Structure formats: C-alpha cells, structure tokens
Amino acid sequence: MSAATAAAPLPRTRARKRARIGQWILPVYTALAVAYLFIPIAVMIAFGFNDPQGRFNFTWQGFTLQNYAELFAVPGLGDALVTSLVVALISTVAATLIGTLIALALTRHVFRGRGGLNMLIFLPIATPEVVLGASLLALFVSMGIQRDITTIIVAHIMFDISYVVITVRARIAGFDRRLEEAAMDLGANEWTTFRKVTLPLIFPGILAAALLAFALSIDDFVITLFVSGRTSTFPLWVYGASRIGIPPQVNVMGTLIFVFAAVGIVGWLLLQRRGASGRPSDA
Amino acid sequence: MPGVLRRHRWAIPYLLLLPGGLWLIFFFLLPMLTMASVSIQEGSLSQGYRLTFNFGIFAEVLSKNSTQFIRSLEYGLIVTVLTLAIGYPMAYTIAFRGGRYKNVLLLLVILPFFTSFIIRTISWKFLLADQGILLGTLKGWGLLDDGFHLLATPAAVISGITYNFLPFVVLPLYVALEKIDHRLVEAATDLYASRWQAFRRVTLPLSLPGVFAASLLCFIPAVGDFINADLLGSRATTMIGNVIQFRFLQSNDYPEAAALSLILMVAILFGVAVYAKVLGGEELTGG
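Chains as they are written, first to last, in our numbering: chain A, 12 to 294; chain B, 1150 to 1436.
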C-alpha cells in the first residue's frame, strides 16, 4: 500500500489499519449517496399504499391496495397519462428519425454550413428550458396558433432532436470505416452497404437515442407548460393537483412508470450483454 | 441508390439535413427571433402590440428583477459546487473501484430519475414538511426545536435543485474518469507520489474536461429552474424562472417576459463562453 510507505514514521500496524479504514470510506460514501438518491422514490412508492382520510396524502394512515384497484378512478388523471404516452411515442419516433439523418450527414458528408448546423444543434441544449418554452409560446401567440397536443408534440420533437444527434453521432464516430470499405470491395453498392453494415452497427446508438428522447419527452414539464394550452400531460396534471392535494393514484402511476423503466433498462442491459458475448464480431 | 442521386451526390447531405434543419429553424430559431421582436414591442394583450423598438425595456426589467437574477445565479453556483462535491467522489468510486459492478452502480444512479421530476420534488416537499417524515420524527425525538423548519427556505430550494441535477454531474464525471489510463496513476505512485499527490497531480487534471461538462450540464438548468423554488420555496426564494413563467402565463406581460428570457439566455451563453475560454486556457498552461 502506498499509504503505508508514505506514513513510514508511524508504527507499521497502525498505518496499515488506517489504510484499511481509508479503503472503506469511498465505497460506504457512495452507497450512502445512492441511498440518498432513492429517498424520494421510496416515499413515492410507500405512499401509493397509503389510505389517506382527507384530500392530503401527507401522513401515514394505514396500508391499502385500494389505490391500485382504483387506478383510473380519479377523473382526468388517466387521460393525462395517455396524452403523455401519445406525445412521447410520436415525438420519439420523429425525433429519432430526423436526428439520425442529421448525425449521418455530419459524420459522413462534407458540406457547407457545418459550423452553423453544429451551433443550431448545440444551442437548444445550452438554452434553459424556461426560455425554450417561452419562445415557443411567443411564436404561437403571435401567429395565432391554437395550443393543444399538436404544439406539445412539435415542441418535444424540437428539444429531442439535439439529444438524438449527439447520441447517434457518438456511436458513428466510434466505428471502423474499414468495415464499410470491405463491404464495398466485396461488391455491395452504397445502399446495400448502408443497410447491411452501417445500420446494424449504429443501431445500438439509435436505440439509446430513442430511449433518451422518450424519457425526456414523457417527463418534460417546463416546455410543455408553455405550449400545452388546455391539454394536460401527466406531469402537468400532477403539478396542478399538488396545490389542492395529490390523490394516492399519482403515487401508484409514478411507481408503475418507475417499475416499467427499471425492468426495461435491466432487460436491455441483459440483452446487450448476451448479444455482446454471442457475437464476438461486435467487439 | 436511385440514378438521380448518384448524379447529384453533393445533394445527399443537404437532403439528410433538410427535415431536421427546417424543424430547428422553424421551432427554435424562429421562436427566438419572435421573442426578440416581442420584447421590443409595446402594448397589451387586449389592444394588441406595436413594434416600437423599445430597447429601454432591457435595462428596465433588469433593474426591476435584479434580486431574482442575482439569486438565480447565486443558487446556480452553489448548486453546481454542491453537486460536484457530492458527485465527484461517487463518480470516482464507480470508475476506479466499481469493478464488475460499474454498470449496476451507474444504473442505480440513473434509475431514480425515471420517476417524474415533479413527483420527486413533491416527495421532497413531504419529507421536508414541518411535521413530515423527516423533521416530524426528529422533533418527536427532541433532536430538533419545534419551531425549526426547512420548507420555504433557500436551503430547501438549493437542496432540491442539487438533488434533481446530481446525475447530470455524475455521468459526465464518470465518463471522464473512466477514460483515464490507470498506468499513469501507478507511474506517479511508483515515483513516490502519495495517493493524494497522485490524485491531485494526475487524476484530477485529467478529469477536468469532465468537470467542465458536468458543471455546464448542472449550471444551465439550475439557473433557469423554477419548479424547486415553486414547490419547496417561498416568495423570498423566487428565481428568474418563476418570474418569466408568471409574466408569460399568469399576467400575460409578454414584452417584459420576453426581455427577461433573452437576458437570461444571453447571460448564460456569455458565461459558458467565458468559462470555456478560462478552463481551456488553464488546461493548456497546466498540461
């Protein structure tokens, strides 16, 4: 241990003991920090099983499964969740497609205006969400455009694109161009090469980008607040309800989304691991 | 590939860029320009607006809301320092000591953030409430004075933002630390550097690009945040995001709100540029 050599004047055993304790500080700290990240999640899950007496789900009143059975009993909440899902699905598909095309152009082709394009992609990420939302509101109001689910989708595609481009570009930048050259040498034309070699290789990047876009979209509150009009998404509904008392069904839906996400990610990771070990060519 | 495209190869990148480029021009650039134009208009929602090139509005809203501006920058800075202080040891441990549990640990860091931002913040409101789970219990044990409260204080808002942006800091730090060649650290200790010296002279400088990315990813959304101030704070913790939101959505003061948004955006971009320059320069002289 380097700590033992550095502390040479000390008796050896004491120095070693100190080094051993020192070794545990970081792991214990990290475990505590991770636990801290889960505190509000634990509260959310626990209070989904609460049986509140009044409008406020603040204090523990007793265990019940009622909230799970009556998941859609709260008027408006189910609709808001469906709206959120529709918005997230449409904007994810659109942004992933559009963003991947940009990433391909940026990594594969030489063209004029590359600097300007990079700026156009970087700026939405460097702009605070409240400014993005406000500017879209300014546009829609001054052009007299009615705000509803369409404007929400338009806005979500906009802020998703930059994240998709960055994620996919990183994946394309990391791969070996010689594989494509090999395919062309073996007689494949450009389109076949793209379909059979390029696309499968960058697909994990596209999938990761789509997951990121979906996660950003379904949880977005700030931008959606500005462009939603009277339409309510899940986060907007919860925010509105927080002033008058949140029904425990919100906790239940939060818990279900959390569990789906957790199972989805774990499943994806397992699949990736299996794919990686099954196909040595991937490495 | 169709023959037309083969003959006009130069057009391919532009075709690839067309949908996304147009989307960003129409729904990012155009809104920004509209907002800039709205900010220098005068009038009201009922009587309509006229473009009067009222540039005085910027000085006006700046002096009217200087408290909130300064507070936002202050909270943003405190939060960035806090998240770096909390997140760096986490990222370091996962990168250097995680072993085969690296991915699991990273997953655990990200997982809580698949719960809605709003729900997480409301959970903190439960937790920090005067008679809530945390303070109520501590007060019950006599560890805290009955009059003690956290909710509606700057501490509650800052801790809320810190919680919400912690993964934005851990992930880029992890990426930067993970890339570092362990042999460099070993070389330093072989040359009689203590572990602390090796960290300070080798690991830390090599991780600076990660620190740079992390602080930007935290600072930008933290300064513009208004949810934490709204749910966990009080009137004494109002941030600039709250003002913009209120002016746009409640009082319909479009020119003022637009001017505030523009100032916020320019201030942040300016800060980013200066920060990039300073840190880039340090890297050059330090390396």
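In short, the hints are calculated from the structure, not lab data.
Honestly, I wouldn't trust all of these hints.
What the hints assert, rightly or not - Quick list of the computed label-pair ranges, beta carbon to beta carbon:
#, chain 1, residue 1, chain 2, residue 2, range
1, A, R27, B, K1426, 38 to 48 Å
2, B, F1348, A, L210, 42 to 52 Å
3, A, L210, B, S1195, 53 to 63 Å
This one's a predicted model, so the numbers in the text were calculated from it and none came from an experiment.
Idealized CB from N, CA, C, for every residue including glycine.
Now for the hints, and whether the structure bears them out:
1. R27(A) with K1426(B): 38 to 48 Å: holds (47 Å)
2. F1348(B) with L210(A): 42 to 52 Å: 43 Å Cβ-Cβ, so the 42 to 52 Å window holds.
3. L210(A) with S1195(B): 53 to 63 Å: Cβ of L210(A) to Cβ of S1195(B): about 55 Å, so the range 53 to 63 Å holds.
The structure meets every hint from the earlier list without exception.
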